[in-house]
Amino acid sequence: MFNSSFDAVIPIVCVVLAALAAMAAEAFRGKGERMPIGLLGLVGLVAAGVSSALLWNRNAASFGVLVADNFGLFVTGILVVVGILTILFSSEVLERDGIPAGEYYALMLFSLSGMIMMAMANDLLVVFVALEIMSIAVYVLTGIRRDKPEATEASFKYFLLGAFSSAFFLYGIAFTFGVAGTTRLDAIGELMAAQAMVDNPLVLLAMGLLMVGFCFKISVVPFHMWTPDAYQGAPAIVTGFMSTGVKAAAFAAFARVFLSAFEPYIADWAPAIWVLAALTMIVGTVVGVAQVNLKRMLAYSSIAHGGYLLVGLLSANEVGKAAILFYLAAYAVTNLAAFGVIAVLGARDQGNDELRDYAGLWHSRPALATLMTVSLLSLGGLPPTAGFIGKWYIFAAAVSAGYYGLAIIGVLTSVISVFFYLRVVVMMFMKDREVAGMPAQVSGLGMAALAVAIAAIFYLGILPTQVLDLAARSISTIF
Amino acid sequence: MPETLQFYLFAALAIGASALVIGQRNPMHSVLLLIASFGALAGLYVLLDAPFVAVAQIIIYAGAIMVLFLFVVMLLNAPQEDAHKDPFALVRQSGLTRVGAVLALLLLLQLSWALLSVSGLAGPVDAGGDAAVVSSVPELGRVLFTDYMFAFEATSVLILVAMVGAVVLAGRRENEE
Amino acid sequence: MELRLLVQLGIIGLAFFMLINASAVLVLAERKIMAAIQQRYGPYLVGPHGMLQPLADILKLLMKEELRPKEADKWLFTLAPVIAVTAAFTAFATVPFGAETTFFGLLDEPVKLGIADVNVGLLVVFAVTSMGVYGIVLAGWASNSKYSLLGGLRSSAQMISYELSYATALASVVLLSGSLSLREIVNAQEGYWFGFIPQWYLFLQPLGFIIYGIAGVAETNRAPFDFPEAEQELVSGYNTEYSSVRFALFPQAEYINMVTMSAVATNLYLGGWHFPFVPVEYGWIAFLAKVGFLLFAYIWIRWTVPRYRYDQLMQFGWKWLLPAAVINLLITAAVFLYFNA
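Residue numbers (my numbering), protein chains in the order written: chain C, 121 to 599; chain S, -2 to 174; chain U, 4 to 344.
Worth double-checking, as some hints may not be accurate.
Derived list of chain S stretches under chain U, where covered just means 3 residues or more per stretch with a C-beta under 8 Å from a C-beta of chain U [unchecked claim]:
#1 58 to 64
#2 102 to 109
For the chain C half of the interface with chain S, some residues (derived, Cβ under 10 Å), not all of them [what the hints assert, rightly or not]:
#3 Val166
#4 Phe183
#5 Ser233
In case anyone wonders, no lab produced these hints; they're calculated from the structure.
Small disclaimer: the values here were computed from a predicted structure and weren't measured.
We treat Cβ as the ideally placed atom computed from N, Cα and C, and that holds for glycine.
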C-alpha cells in the first residue's frame, strides 16, 4: 500500500473522505435527530495522523505535485492536532449556538484538507487550489452564525479582501510561470539557482506578488486589516481554528516557496521580510495593548506572532530551522487553548468575550481561569511554557544570523505584550465579577481538550528537545 | 502584420472595456463591459492558436458566469450610484482611497517597468512541436488527466466546498422555518 | 482560386438568405400547422392559401411606429434585439450542411457545404448560442417594465439550467465520435449496421437525443418551455415593450435558433447528410429534409403540449434531465471503454 505513487495523497484523502461522510450524514439525518458527526471527523483526522506517521522519512511524492516530505508531514501533524482539538471543543458549542453540525464539520474538514494540501504542495498551481479550498471554507465558517450581523460582516470583509489577495497570488504565479515556464517548485528552484546572478525584474515582481498573497493569509502588517474584524466577528471556536490552522498552512507554503524555490534570490527578498516582520511585531503588539475585547486582543496578538514567525523564516540557519516549526506547533496549541476557553465560556446570544466578562473568573470557574492563565502566559512567552522555548529559539536564531535589530524589536514587543496578557490574568484573579450571570457549565469533552492542550504547552515548554529535533530534521528536507 | 494589428485591437478592446467597467455608475453596464472584455480575451486566445481555450472562455465566463452576474444585478435591482456623479469623486473624498489609488498607480508603474526592462524570457517556453498539436483538444485532455491530474481533482473539492458554503450561507435551516 | 472564393461567398450568402427567409416560412408553417391541429384554416386571405401572409406581416411591422418607454435604458434597449439576432446568425457559422458537392455538375471542383470548418465547431455553436441569452435578458431589463424583467429573469435561469443538460448530452456524442468538429462527427456516422440500419448516433444515443431535444426546446424558449414570454402571465414577457422592427428581430432570432438547433441535431444524431440510398453528392437534400422534419416537430410539440409551471420546469431540469444526462454520459463512457479497451 505504501509503495504506490498515491502515497502522499493518503492523509488528504482521509480528511476529504471524513468531510464527505459528514456531508452525507447530514443529508440522511432525520429532522431533530442527533448524530455524532464530529466523531466521523475525529476518525478521519486520526487516520490522516496515522498515515502521515507511517509516511515519515519516506519522501513519498504523488503526481509530481505533492510531496510528503518530513516538512510537510510535520505541518500535517500540527494541523491534525488543531483539527482534533477544534472538534473536541466544537460539539458543545455547536449545540449551544445552534450552528448546523453537519455543515460545520464538513466545511472544517474540507478546510483542513486544503491546509494539508498546502503544506505538501510542490506546485504553485496546487498551492493556489489548496489555498482556495482552505479559504473559502473558512470564509463560510466565519459567517456560519447567520443570526449575528457582526459574523456576517466579518465573513464578508474577510471574503472580499481574501479574494483580492488571491488575485495578487495568482498574478505572482503567472509571472513565475512566465519566467520559469513551469509551476513546479523544484523545477523553479533549479532554474532560479542557475540564473541567480541575473538581475531579472520579473522574478522580483513574481516574488513580491506571491509574498502579498501569503502575507495576507498570515495577516502580516500591512495586510492585516481584516484580521481583528474577522477574528472578533467569527464564533470563538472558528477563530481558534483559523488563527492556528490557516496561519500554519499558509506559513508552511510560504516557507516552502521562498526557502526552496526562491532561495537563490534570498538577498532580494530578505530586506522586504525584515521590514514586514518588524512592522508586524510592533503594530500587533502596540495596537493590541489598547483592546478591551478579548478576541480582538488575541487577534492582534496573533498578528504579532506572525511577525515572530517571519523572523524565524528570515534567520533560517542551523538554529532557526527548527525554531520555525517548533514555534508553529507551540503557537497552535497555545492559541487554540485560549480560544477554546473563550468558546466554552460564551453563551448563545452573548459572546462573553469582553475583558470585563472575565473579572473574577477565578472565583466562579477556577479550572478555566487556570487554563486561560497558562495559555496567556505561553502566548506572552514566559517560562516554563511552550511559548517561551519557541521565542527563545527564534530570537537566538535571529542573533546568530546577525539580525540584531529584529531580535531587539522582538524582545521588546514580547515584553510589551506580556502587559496585555497579564491584564486579563489580573482581571480573572483580582477583580470581582461585575456582570451578572454565571458562565455556562463546561462539558467533559471540552475540558478534556483543554487539558490536552495545556499538557502540550507544558510538554513543549519543559521537554522541548524531542520535538525540536523532529522539527530540525523535517525542515531540512526542503532546503 | 495583420496578426499584430489584430493583437493590438483585441488588447486595446480588453483594456478599454476593463477600464470602463470600473468607471460605470450603472452595475448593468459594468457587467456588459466585462463581457466585452472577456470576448476580447477570447480573441487573443484565438490569435495564440488556442481555439479551445477561446471557446471555453466564452462558454464559461461570458456565457455562464456573467449570466449569473446579470441575474444577481437584476434580482437586487441595484440602483445607480447617484451619489458619485463624478467618477473620481471617491478618490477625492477619502484619504485612504487616495492612498489606494497611489498604490495602484505604483503597481502599474512597477509592472510596466518590469515588463519593459526584461529582454527575452529565460524560461523554456517552447512546448515542443507545433502549436496546433499542443493546443488541440485531445492533447489538452491528455495533459489535464496526467500532468495536472491532482490540481484537476483538487479543483472538484474546491467547487464542492463552494457549493456547501453557498448552501450554508443562503439555504433554509431546520430551526428557521 | 478566385472562383473558389466566389463560390464560398455564394454559399455564405445562400445560408444567410435561407436563414433570413426561414423565419418567414416558419411563421407561415407555424400558423398553418397550428390551424390544422386546431381544425381550422389559418391564414387564407393574402395570396393563394394565405401563402403571402408573412410578407404582409413584415410590411405591417415595418410601418409601425418604433416605441421606447421613457424610463428605458436607451442603449441597451436598442442593443438587445441586435445581440439576439446576431448571436442567432453567428451560431450557424460553423454548422456544415452538406458533404462536398458540385451542384449537379455546375462546378468543376466540388465544394464543402458549410460556412466555416473549425475543429472545435460544436463548441463554437454552443458558445454563440449561450450568448443569445443576453439579448433576451437585456431586453427584459432595459425595458424597465415588470413583465419584461420577469421574462428576462426567467429566461436567464431557464437557459443556464438547461444548458448543462444540453452540453452533457453533447459530450456523449463527442465521446463516441472522438471529435469536436461537426463535419467529422457527421462523417463518423457513415455506413450501415447489418447492411441496412444507418449508423446514426440516434440509435446509439436514444436517451441523449431525447435529452438534447428537450433541452433544445427549452434553450430556444419554445412551448412548452416558453416562460420568457408566457402571454397568460407576463403579457408577452421580455418583448412586451418592443414594437416595429425591433420587435420583429426577436421572433426572427427565435426561428433562426430553431433552425440551428435542428441542423445541429441532424448533424449529431441523424447522420447529417447521410441517408440510405441517397448519394453523398445529393446529401444536402437529405439534410434539408431532416431539418425540415425536426422543425415540424418543434411546431407540432408547441401546439400539442401545454406549458409547464415555472417551478416544475426548474425541478425537471435539475432533478431529472441533468441526472439522466450524466448517467447517459457515464454509461456511454463505460461501454465505449469496454469495446475499445
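We went through each hint and held it up to the structure:
1. 58 to 64: holds (count 4)
2. 102 to 109: Coverage by chain U is violated for the region 102 to 109 of chain S (0 residues, Cβ < 8 Å).
3. Val166: The hint is violated - C:Val166 has no Cβ within 10 Å of chain S, the shortest such distance being about 20 Å.
4. Phe183: Cβ of C:Phe183 sits 4 Å from chain S, so the hint holds.
5. Ser233: holds (7 Å)
Hints 2, 3 from the list above are not met by this structure, while the remaining hints are.
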